[in-house]
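With the hints in hand, could you dock these two chains into one complex?
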Amino acid sequence: MDSHSHSHSQVDGSFDESHDSFSNNSFNESFIELDGVEKVFDVRKKTGFMRSERREVRAVDSISFRVARGEMVGYIGPNGAGKSTTIKMLTGILTPSGGRLRVAGIDPSRERTRLARRIGVVFGQRTTLWWDLPLIDSYKLMHRMYRIPDARYRENLDRCVELLELADLLDVPVRQLSLGQRMRGDIAAALLHDPEVLYLDEPTIGLDVISKARVREFLRDLNAERGTTVLLTTHDLQDIEQLCSRVMVIDHGRLMYDGPLTGLHEVGDSERTLVVDLERELPPVEVPSARVVRVEGPRQWLAFPASESAAPLVARIAAEYPLVDLSVREPDIEAVIAKMLHSMRDTPKPPPEQAERSGRAAS
Amino acid sequence: MRARLLRFGPDALGKAGVVGSGRLYAAVAAGGFRRYATYRAATLAGVFTNTVFGVILAYTYIALWDERPHLGGYDQSQALTYVWLGQALLTTMCVMGTGFEEELIERIRTGDIAIDLYRPADLQLWWLAQDLGRALFQLLGRGLIPFVLGAWLFDLSLPASPLTWLAFLVAVALGVLVSYSFRFLVALAAFWLMDGAGITQMAWLAGVFCSGMVLPLNVFPGVLGEVVRALPWAALIQAPADVLMGEADLLGTFAFQAGWAVALLGAGRLLQVVATRRVVVQGG
Ligand SMILES: Nc1ncnc2c1ncn2[C@@H]1O[C@H](COP(=O)(O)OP(=O)(O)O)[C@@H](O)[C@H]1O
Ligand SMILES: [Mg+2]
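Protein sequence lines correspond, in order, to chains A and B.
Note that my numbering numbers the first sequence so that position 168 is 168, with each residue one more than the last.
Heads up, my numbering is the position in the second sequence plus 1000, with the first residue counted as 1.
Same shape as in the complex, but just chain B (with noise of 0.2 Å):
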């Protein structure tokens, strides 16, 4: 159990083992990636519909701040920034589903993980390299403009050091692999469900609550501000945006982000195991 648990690809030992892999997961990100660039209506929507939503809840921000000035912490022009920044990274961290997800729930259904089993590649691995390829595309295509255009319409607060934009990048890096290590464990989840639609209906509105994309965990009350500060989903749109604004202390961000990230690719990695082993005896 030890030695399959940490071997990831079939030909984790070895230099060359490892280039090999190395290329083949590079070119399934630059799949993923070049997937979602295809679509190119979708984005130039989504574009619109993050720009919109964004001003709608600036507004809202301006006249709830107006009320209560310094609300969890933060002072108008830092929740500004807290809601170009959450439409920016909505798509990029899956907060509300659409992502590979979907698409792996719909080859468990059918059987088409039968293939994917039987290639020699590693199915974590592979989706992961994919969602990757995917994060990347729409922080550049669907985030970017958004958050472009926020700063110019409105006073945000954004810092001048390239340093603290390289410590947001990897903040936003280490958020997409925990968002990707969660969603893996939900689709595996379809091996034991009839219907997948149920548990990514939950893990969608866990998200939609618990990632501040509504508002900024800061401002949730007493215990529960705590837990949802503690849960996974706080290291998609709230640990970025500590870092970009310095409001968070880097390192215990990135270790908070990390052993999430950790934790939950294990758990994934057990559930990989067990499932292959269900398919494998079971046929699915």
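Chain A with its partners taken away, still in its complex shape (with noise of 0.2 Å):
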């Protein structure tokens, strides 16, 4: 404990000289580095008067891999997966119970602090912005807090405000933006002071269409005009396939899939689902590659591969039938998550750095 807070002080002190040089560092190719990283919980449950009983929670069970800068990977996996678990230990606020983590060649937890600086995290279900206040006193804090140069702080407030387009909302006390303008407004505060990095959790969920787009559309670019390396979790299958090139799956605590979302897809075999409206009611239409399953009155559901593009189909639909109208609907990440992970099930289970290994090379 003594050496630890030591060596803490000392490195805070020495920031502005230790800034640079890290940055400029050549043998850090990859931003992120996590090898063998695990987080243990303890949970201890009540089971009568007096008496309680404890419980080893692995949230994450050894996972490795690497991030390289500018990169923009999505982390997915269904509920209680691990992903906030990993999130908050690659932001320091949550230590490692055993392995190794790097952000920038810093052990995160270690230097919570001096890392910060250089991180933007986004909670979805959380909010850094002062609730009874403008949202632009929020963001005069973090000019504070980080110690933005007024010049650039002006700069990356400016271009925030128009590309998230806050303009309308700069003096509005925060409690009273819709759910969709807070997260805008709480993207823009992650970025002021310029972070190499950005975490986000969740960050589109339960937010309408046009938010969701306006919010993958910035962070597109924010990651093409500044590098920004960009590591986020949802539910949302769209904002991967908008976003990320790279898509690591994880379950239980640990990664079952690290590749490109075509390679998920596969995987998974998983199908998006066209919905089509006919002039009139019609028994099911019979074109290959694709099975109706579903018939309700003149319209009918029909299951493709989600690897496919939907467009021949829509074609010959269109050639041989009273085609009204249609939509394509996506298939969800859950399905997909959990069609690809009862598949890996069914043959038979690899032991975990086999699954790991025969994850990463798929990328």
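Calculated Cβ distances over 12 Å to all of chain A for the following chain B residues:
1) Val1047
2) Ile1056
3) Trp1065
4) Gln1076
5) Gln1124
6) Leu1166
7) Ala1189
8) Gly1198
9) Gln1201
10) Leu1215
11) Val1223
12) Glu1226
13) Gly1246
14) Asp1249
15) Leu1251
Each pair of labels, with its calculated beta carbon distance range:
16) A:Ser343 x B:Ala1037: 56 to 66 Å
17) B:Ala1037 x A:His252: 43 to 53 Å
18) A:Arg226 x B:Val1148: 52 to 62 Å
Everything labelled a hint here was simulated from the structure, so no lab data went into it.
Heads up, the beta-carbon is just placed ideally off N, CA and C, and yes, glycines get one too.
Printed below as a string of structure tokens:
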């Protein structure tokens, strides 16, 4: 404890000098490094009067991966898989129980405050903004808290305000903002100090379609223009499709897949749904590579492989049937993951080490 | 451990660090002030309540002091001054709670505290700055008007010397510090208790009884009186009142208040270190 706190304050004192040398470090090609990282929670459960039972929850179970500077990675998995726990360890507000973790060469839990100046975090269900005060007041606090040079602060604020369309909201107390507006406000707050990496824990949860689209577009630009590394967890497959070239799937704290999204679709063998409205009630549509899964009056639901384009299918149906309207439904992420995990369990289960390696090989 | 305890804020070392931290916490304090200033209707209602209670208490005290002149060493005019001072300082000192502590407890309960810990700012200083802003607003917005009204309606014994008023303000500031440090401790207890409501209610009861908001602590008899006058709550209303009415030894009073402030702030810092450790290892 003594040596820990000592190094802590020492590092703080020499922050200004070390900052530049760190940014230019060439040996740190992978920006985020996890080697066999674990997090075990001690959960105490009451079993009776004055009696409790201790149980260990392995929230994260020996996860290893690397993320290069400028990558945009999706981190997905069922509820309770360990996504938020991983992000908390990456920010340093949770210490790993085992393994090795580095962000920009820094051990987050040992140098939390120093790292905080270089990373941005958005927790979808929490807010950093000041509830009772106008949005702009929270930004002024960020300005002071992160010691952002004035010109830089103004430039970043202007940019965020423009791209996230916050101009009309700056003087509105945060408690009066809608969820989507608040989320945009939170994303801006996380970016004013030019973080090198942005962690987003379910940034689109509960947002309306328009807010979702705006947030995605903003993140894409941020990554493309500033080269900000982005790691995001989500339940929305479209977030991943539109943003991430790489996706990691975790389940029960273990990394089950690491690679491109298309690979995930194939592994999971998931299906999209084409909903067609015909002019009148007809027998189930017959087309190759799709099967009708439901008929309700003139409306029919067709399932087709998610990896295939819907265009030829639509063209064919339009040519042969009296088509009035149509829509395509993406598979939801739970279904994709469930299918993938299911197909993995069907095949003889590889030991965790191997599962990880084969997963990574796909990337 | 020692190094941690002494470290106030992330960059306490270095002049630039001190200036930067100063600007941050000044901004936080200004925010604290404005937060409360936005609730105008609540402030107005509060001013009204304080005035009404002041009038009721004043007539009760008049009756009491008619029966027992020089009760607790105060004459009637001093007793009335005490009443109106109590009304003016009630919300400033958060005697009955409803300060930042409820918010902090809620953040601990919901896990939002993780965000606070992740920021490059010190938890105790952050909330202290915010609470000082709040106290200043409530002194001006809620305390001043009832006090002026009281002085206009009743015969109060107020000092003529501006120095005494200045000393009074110092005593108020120290009182706010004691009040804050105590409530910070109460709030952090939420890390270990399932339900923060119980402990805030106990703190509230103790505050109402021991701060002298109902009866001056001078009036409490025997050992009970000696005990309550030695407890931290005596720093909130009794100490500033005695300073204002020239009934106190200045340095002794300031030392008493500052002593409690340092002790409670120190305890809060220790608890914060332990709590942070717990969050960081156990996830809350
Ligand atoms: N502070 C904690 N104490 C005990 N168990 C926890 C704690 N935080 C998370 N867990 C458990 O760890 C597992 C992973 O949680 P989490 O990382 O929040 O999952 P996700 O974000 O993927 O939904 C869950 O079983 C959860 O109950
Ligand atoms: Mg989560």
